[in-house]
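Start from the sequences, fold in the hints, and give me the full structure.
2 protein chains.
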Amino acid sequence: MAVQAVESAITRPVFGPAVALSCRECGERVPLGPVFACAVCFGPLEVAYDFDLPAGDPEALRRRIEAGPPNIWRYAPLLPVPADVADSPNLNPGFTKLVRADNLARELGVTGGLYVKDDSGNPTHSFKDRVVAIAVEAARAFGFTTLSCSSTGNLAGAVGAAAARAGFRSCVFIPHDLEAGKVVMAAVYGGDLVGIEGTYDDVNRFCSELIGDPLGEGWGFVNVNLRPYYGEGSKTLAYEICEQLGWRIPDQIVVPVASGSQLTKIDKGLKELIALGLVEDRPYRIFGAQAAGCSPVSQAFKGGHDVVRPVKPDTIAKSLAIGNPADGPYVLDIARRTGGAVEDVTDAEVVDAIRLLARTEGIFAETAGGVTVGVTRKLVEHGVLDPSLTTVVLNTGDGLKTLDAVAAGPTAVIRPSLDAFRAAGL
Amino acid sequence: MAVQAVESAITRPVFGPAVALSCRECGERVPLGPVFACAVCFGPLEVAYDFDLPAGDPEALRRRIEAGPPNIWRYAPLLPVPADVADSPNLNPGFTKLVRADNLARELGVTGGLYVKDDSGNPTHSFKDRVVAIAVEAARAFGFTTLSCSSTGNLAGAVGAAAARAGFRSCVFIPHDLEAGKVVMAAVYGGDLVGIEGTYDDVNRFCSELIGDPLGEGWGFVNVNLRPYYGEGSKTLAYEICEQLGWRIPDQIVVPVASGSQLTKIDKGLKELIALGLVEDRPYRIFGAQAAGCSPVSQAFKGGHDVVRPVKPDTIAKSLAIGNPADGPYVLDIARRTGGAVEDVTDAEVVDAIRLLARTEGIFAETAGGVTVGVTRKLVEHGVLDPSLTTVVLNTGDGLKTLDAVAAGPTAVIRPSLDAFRAAGL
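As you go down the protein sequences, you meet chains A and B in turn. Residues in the first sequence are numbered from 1 upward in steps of one, following the numbering used here. Residues in the second sequence are numbered from 1 upward in steps of one, following the numbering used here.
There could be a bad hint or two in this list.
[Stated by the list, open to error] To give an idea of the interface, some chain A residues facing chain B are shown, with a C-beta separation under 10 Å as derived from the structure:
no. : residue
1   : Ala164
2   : Asp192
3   : Ala408
By construction, these hints were calculated from the structure, which means they are not laboratory data. Model, not experiment: these values are computed from the prediction. Positions of the beta carbon are idealized from the N, C-alpha and C atoms, including for glycine.
Here it is in structure tokens:
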């Protein structure tokens with residue numbers, strides 16, 4: 001896109017309190033633009049803020065947030081979006097339920113208070129609506145006309161839906177062998193959906209090529225050239241959890257790890273809340289959860305390595321099947337710094353955990369939710385997660401999108417008669 | 001169940017402002033209990049209230065509601081539930097999004113403001129969570145230990161999930177040929193799920209038999225012997241729509257018609273809001289929407305009949321496939337009294353409407369949502385629905401549960417290369 005268009009968009013009001021992009025590795029600062037890698041050291045860029053907030057008056061900010069809309073825009077003062085963001089057409093995700101999970105806690109032996117942050121309540125039923133909502137605002141600011149992404153499924157649906165409502169063309173890329181629910185959902189919004197013969201990592205590489213090609217002119221790839229903005233959406237998970245706990249940081253949080261971005265942004269969000277005085281500065285532990293069939297970060301953590309060695313994914317948890325996770329090293333840092341851990345569970349344990357969450361709390365999670373619940377169980381059993389502390393487990397997606405994972409069906413099929421029912425012996 | 005147990009449960013606090021059941025036909029009053037038909041005239045029983053509310057001060061009640069939780073329990077003072085209902089384990093449904101649908105309005109030619117009440121945001125992604133939540137409280141009060149229902153699918157999932165979380169056994173009955181998504185969702189919560197070889201009407205008849213049999217002892221059938229309580233959950237749709245419009249009744253509401261219960265309770269809810277002074281008393285029109293393949297109420301409306309002649313359903317809108325709708329005659333009354341109508345659309349129009357809603361607003365509705373949007377379009381085209389008035393269309397379910405209805409898939413499947421993408425011509 002033309003430099004001119006970018007320059008006109010980088011006035012402060014369009015991005016709210018965001019003032020620059022800064023390199024996570026070397027600290028280099030660049031103006032807000034559709035760039036994602038540091039020109040100096042190739043490190044990832046992230047959004048830097050100058051929060052224009054009531055100085056020394058966190059109570060006023062809390063009240064302002066609490067009076068906001070029941071979606072992520074209540075946190076607009078902490079996000080790279082204009083103050084009037086809620087007036088633009090978007091899906092208004094967020095403010096999903098934080099479910100007090102006493103039945104599950106009893107089964108797991110957690111006594112300090114267990115909660116499930118259930119992001120299946122988002123518009124397209126995954127946490128991806130949060131990150132896409134922020135990316136849409138950035139795409140608008142930069143004058144992009146097509147929204148795109150590489151996706152393991154949930155993101156494809158979120159981009160398709162958000163683009164439809166916000167008036168963008170969309171063209172999204174997925175591995176060709178995704179679950180039917182995710183494919184139909186990605187296609188139904190009327191944008192282009194392209195299946196790529198390969199893994200997610202192949203899809204991702206292809207999208208990086210496309211950005212550098214004239215074919216990709218005017219395209220905002222939410223998780224590539226808009227990635228710094230996109231990533232900020234995950235901070236809202238941290239904000240909501242704390243607000244829903246009465247402006248308190250939980251002792252322990254269990255987060256799924258695909259690229260690792262979500263976990264790092266939850267940490268960033270918690271640090272912001274502390275810096276702004278919105279919550280008490282107290283220790284917290286962040287745990288990462290992977291499927292054994294795609295566990296490069298877990299393997300590195302358990303092996304004591306700093307380097308995350310890419311793997312070829314083989315797991316039913318397709319939404320977490322990123323073999324070369326961009327933010328893997330940062331996940332390791334955060335787990336180690338906070339006293340957390342990264343752990344993985346087998347596909348069989350994932351399915352068990354999906355069923356456990358369903359029968360205890362009435363929440364039907366997708367495989368990624370089975371991963372976090374399964375890892376929570378394992379961490380308690382291994383004495384790594386402290387059952388006497390307040391713990392929040394993330395469910396980031398919806399069981400209706402991964403139906404094949406749980407082979408659930410009728411207990412019995414009978415004729416409509418009492419005799420037949422009696423014979424079924426239920 | 002023992003009469004004793006029933007009597008002990010009918011003290012006022014357990015049912016909040018509810019004081020009796022009254023017959024919709026003859027007005028006969030009976031104590032609150034697990035009964036659903038009038039002993040005098042066999043008419044349906046519904047909940048009667050004595051609202052203990054600040055006299056002549058609707059503003060105080062509005063403030064009390066607005067300060068309540070972001071779910072149906074904010075309306076506890078208007079429901080047959082105890083004041084502390086939110087402390088019991090349940091799924092806390094409701095307060096779903098009322099989406100301003102400007103893109104859809106442009107396509108339909110509606111200029112007076114068009115909104116979609118999107119109940120796919122509920123915990124099990126259909127409006128059934130609302131009615132089940134109330135029925136669970138009644139089941140608790142009456143000492144039932146098993147929750148049951150006859151279901152076209154959505155209700156089965158809602159009962160299974162609510163029972164799991166609230167600590168009931170569940171055993172639910174569905175036609176054997178439902179959509180995969182609905183079957184898996186109904187089964188995953190760990191209760192018993194019984195497929196019946198027959199239509200929904202066969203399932204319903206079977207459940208009525210089971211209630212009279214010792215096999216059904218201690219069972220609360222949410223839509224049979226708990227039906228008067230269950231039905232009240234639909235009132236919350238009316239409450240929320242009005243509150244979300246700034247305590248204003250919309251001019252026109254388009255509601256799907258299966259048994260017809262939802263439409264009648266929305267009317268009841270609106271009348272209560274008027275009586276309590278929470279909204280201005282102004283005219284409103286209620287429109288019923290059916291699929292052509294199961295349109296007994298629509299046929300009666302268009303034929304000018306008072307009697308609804310049962311049909312054998314044949315439509316992809318399985319959640320509306322009730323051939324012998326219990327509340328059909330009341331739907332006719334309400335449509336005629338309010339200046340509304342009842343209309344139906346073909347299965348092809350249902351699919352078109354699902355795609356229309358998805359590509360304009362990013363909302364992926366189940367077939368029932370296709371029915372209401374399709375009927376809205378037809379009513380505008382025929383000059384029956386006034387496009388210059390504020391209109392609310394209900395989407396009561398989730399497209400992920402009726403995937404087969406929309407044959408959506410990738411635009412192209414390609415190798416991960418720019419050449420292959422160029423050749424695809426997108």
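Quiz item: Hints broken by the structure, by number, lowest first?
Solution: none
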